[in-house]
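Engineer: Those sequence lines, one after another, are chains A and B.
The first sequence: position 72 = 72 (my numbering), numbered continuously.
The second sequence: position 177 = 403 (my numbering), numbered continuously.
These aren't lab readings, by the way, just hints derived from the structure by calculation.
27 Å max Cα-Cα, derived BS3-like pairs, lysine-lysine: (1) Lys-246/B / Lys-132/A; (2) Lys-236/B / Lys-114/A; (3) Lys-132/A / Lys-236/B.
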Amino acid sequence: MIIFDNITKRYGSKVALENATIHIDKGDFVFLVGPSGAGKSTFIKLILKEIEPDEGKLIVAGRDITHLSNREIPQLRRSLGVVFQDFRLLPNKTVFENVAFAMEVLHHKPRVIKRQVPQVLDLMGIGEAADKFPDELSGGEQQRVAIARAIINNPKVLIADEPTGNLDKDTAWEIMQLLNQVNLRGTTVVMVTHAFDIVERMGKREVEIESGQIIRDTKGGIAADV
Amino acid sequence: MFKGLGYSLKQAIVQIFRNKGMTVASLFAITAMLLILGLFFFLTVNVNFITEEIKDQFDTIEVFLQDDQTEAQAEVIRNSLSQLQGVANVEYISKAQAMEEFKTRWGDNAYLLDGLASNPLPNSLRVTLENLEDGELVAEVSRSMSGVEDVRYYQTEVNKILRISEGIQKGALVVIAFLIIVSVVVVSNTVKLTVMARQEEIRIMKYVGATNWFIRGPLLLEGMFIGLIAALIALGCTWAIYARLMAAIGQQAVILLSTSLVETNFMMINLTWIYIALGISIGAFGSILSMRRFLQA
Ligand SMILES: Nc1ncnc2c1ncn2[C@@H]1O[C@H](COP(=O)(O)OP(=O)(O)O)[C@@H](O)[C@H]1O
Ligand SMILES: [Mg+2]
Numbered sequence: 001m002i003i004f005d006n007i008t009k010r011y012g013s014k015v016a017l018e019n020a021t022i023h024i025d026k027g028d029f030v031f032l033v034g035p036s037g038a039g040k041s042t043f044i045k046l047i048l049k050e051i052e053p054d055e056g057k058l059i060v061a062g063r064d065i066t067h068l069s070n071r072e073i074p075q076l077r078r079s080l081g082v083v084f085q086d087f088r089l090l091p092n093k094t095v096f097e098n099v100a101f102a103m104e105v106l107h108h109k110p111r112v113i114k115r116q117v118p119q120v121l122d123l124m125g126i127g128e129a130a131d132k133f134p135d136e137l138s139g140g141e142q143q144r145v146a147i148a149r150a151i152i153n154n155p156k157v158l159i160a161d162e163p164t165g166n167l168d169k170d171t172a173w174e175i176m177q178l179l180n181q182v183n184l185r186g187t188t189v190v191m192v193t194h195a196f197d198i199v200e201r202m203g204k205r206e207v208e209i210e211s212g213q214i215i216r217d218t219k220g221g222i223a224a225d226v
Numbered sequence: 227m228f229k230g231l232g233y234s235l236k237q238a239i240v241q242i243f244r245n246k247g248m249t250v251a252s253l254f255a256i257t258a259m260l261l262i263l264g265l266f267f268f269l270t271v272n273v274n275f276i277t278e279e280i281k282d283q284f285d286t287i288e289v290f291l292q293d294d295q296t297e298a299q300a301e302v303i304r305n306s307l308s309q310l311q312g313v314a315n316v317e318y319i320s321k322a323q324a325m326e327e328f329k330t331r332w333g334d335n336a337y338l339l340d341g342l343a344s345n346p347l348p349n350s351l352r353v354t355l356e357n358l359e360d361g362e363l364v365a366e367v368s369r370s371m372s373g374v375e376d377v378r379y380y381q382t383e384v385n386k387i388l389r390i391s392e393g394i395q396k397g398a399l400v401v402i403a404f405l406i407i408v409s410v411v412v413v414s415n416t417v418k419l420t421v422m423a424r425q426e427e428i429r430i431m432k433y434v435g436a437t438n439w440f441i442r443g444p445l446l447l448e449g450m451f452i453g454l455i456a457a458l459i460a461l462g463c464t465w466a467i468y469a470r471l472m473a474a475i476g477q478q479a480v481i482l483l484s485t486s487l488v489e490t491n492f493m494m495i496n497l498t499w500i501y502i503a504l505g506i507s508i509g510a511f512g513s514i515l516s517m518r519r520f521l522q523a
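Start from the sequences, fold in the hints, and give me the full structure.
Structural biologist: Here it is, written out as structure tokens:
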């Protein structure tokens, strides 16, 4: 699903990611761990095509995305879902609208949108909050809205950059359950986190990055395929 | 241009109401610009109109006859004036005819003239010039003829007025051009604030795979909407002001300048198109200008 083939990314002279090679298969659930400034966000930004790699080859969903034109980027992003630590909901749109506009981007018919959005909101356990604005919700509820938005178009990959970073332990665990559910439906999940308790409890594949190098790739303590 | 026009329209309207502050600021900016522009348009058109009227009157010399002149004597003077170089024709205007002309020109205020016991206007000859350069000489010769009371020919005054009006028109044009530039800058800055306030929104839209046109569409329509609404507001204001102005000084202008002002209808029909076209263009141009920077990759 995602292949990093000797990818190097530099910011000026600063190397953020060096000769990174990794295969992530369809249906995988991968934790990206490592200290601050290690290169985790860089890894994710490369997949999202926010930045271009300096060297190497990058394949996402069977497509070589090493170099994409500005026109091709929207197409790629429609096959990905993204969730952030700070939720990034639109404050002047209701919960329904926040999720609906991800469908509007794909020019779905209003009738289809009206049917599917409540379904996904229910799935995320926030069906009741459809008409509320984000600032009327708790952090956990906002993250549920963000996940609903990320998965509404059935993405092949769900990318999450510290999605539980702003949440308390119990809420974080609830969010993890939802992400696990999404993964069980066949979506590949790549999640950056600092929460070692979560990583341990989930028992999924872990990829550790330090100073731009992938230094560990294990699953439940056993080396994973690289 | 973009798929999902329905989405763009809906978003534009929703955003206009949700971002009231920005909407009002942009509206105010465009309306104010259009009103000032309208004022200068009003000035230019009227100055132009009055100038043309004056120019029309400028090729005639009024020769007033002494009261004791008979119509036969007047005919003799008329004949000799007709012989002069540069004269196209000479028309005899009786005092009664002169009064009629006066009354038509004064319009609604003509009743004031009814109060006169006798007609104070003299009989006159109206000399139409063929060649304006000969005006001064014709006026001088007329003045020296016997039976002539007075000659009215305001060449220097008219020249002065023409020069002033030319200056006003040129000045107004410069001001109008300047105003258009300023209003685009003001609007683009106002819209830029809107876009900056929505930078986050734009970023998120891009994460879910929105194309640039999908993002631009609603903002562009929003700018055009605001421009259109501003044009309508400005139109309403201008109409109210101009109609009132015409009511208040229209007739006085006739008496003071001996010409009328441009009709309200003519003024409004032209201003309608100017305001709407300019309002929408300023709104659209301002939006595009302010968005460019935020839509790169
Ligand atoms: N836009 C940028 N310009 C310059 N340096 C950057 C930029 N983004 C990240 N970096 C640097 O690249 C390195 C990796 O950053 P990042 O991938 O954000 O780390 P992480 O997400 O693991 O904390 C850091 O040293 C960071 O300072
Ligand atoms: Mg980071």
